[in-house]
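Asks: Sequence:
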Amino acid sequence: MAIFTEKGQTAPEAQGALSIIGPGMRVTGDITADGVVKIEGTVVGTVRAGRQVLVAKGGEVEGDIVTREAIVGGEVRGTVLAEERVEIQPTSVVHGDITTRRLLVHEGGEVNGVVRMGESESTEGTAVTVQAPASVAAAASY
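Reading the sequence shown from the start, the letters are residues -2 to 139 in the numbering used here.
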């Protein structure tokens, strides 16, 4: 394992790094990370992560989320922009718009805003997949 890297290179560990905002912690300001950001406390500001933003049960974000994949188990008051996928867990509430390619909303999860799904304009024409829990699919069939 190398401690130092050449200028312009990032260590492999940094690419998948996990940053945690712990319970009881409050961050005011924007957060930017290359890897994963897990929020168990409160963030007031924009959260940007190269790989994933995880808002744990009891976690709160008062601002926008910009990432590849977002998993929400707490509360978000702002826009969620995820390049690949958004998962809304049963304990979560999103007060804001969601833009993503794929969306999974578990029974009990709430979205109060506009949902935009699909590919970006540069990759138009690809199919969009929507996943629903089996209990919702069964209830929807007559």
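Honestly, the hints are just simulated from the structure, not real lab data. Don't take every hint at face value.
Mimicking DMTMM-like on lysine to aspartate or glutamate, the simulated pairs with C-alpha atoms at most 25 Å apart in a straight line are [claimed, not checked]: (1) 35 / 107; (2) 35 / 57; (3) 54 / 94.
Label pairs and their calculated CB-CB ranges [what the hints assert, rightly or not]: (4) 111 / 59: 13 to 21 Å; (5) 110 / 87: 33 to 41 Å; (6) 31 / 105: 26 to 34 Å.
Nothing here was measured: the structure is a model prediction, and the numbers come from that model. Using N, Cα and C, we set each Cβ at its ideal position, and we do this for glycine too.
Asks: Work down the list of hints and note, for each, if the structure agrees.
Replies: Structure-based check of each hint:
Note on residue 35 and residue 107: the hinted pairing holds, with a Cα-Cα distance of about 20 Å set against a maximum of 25 Å. At roughly 11 Å between alpha-carbon atoms, residue 35 and residue 57 fall within 25 Å of each other, so this suggested pair holds. Distance check on the hinted pair: residue 54 and residue 94 sit about 20 Å apart at the alpha-carbon level, within 25 Å; holds. Range check, residue 111 to residue 59: about 19 Å between beta-carbon atoms, so the 13 to 21 Å window is met.
Between residue 110 and residue 87, the C-beta spacing of about 18 Å breaks the proposed range 33 to 41 Å. The given range of 26 to 34 Å is respected by residue 31 and residue 105, whose C-beta atoms sit roughly 32 Å from each other.
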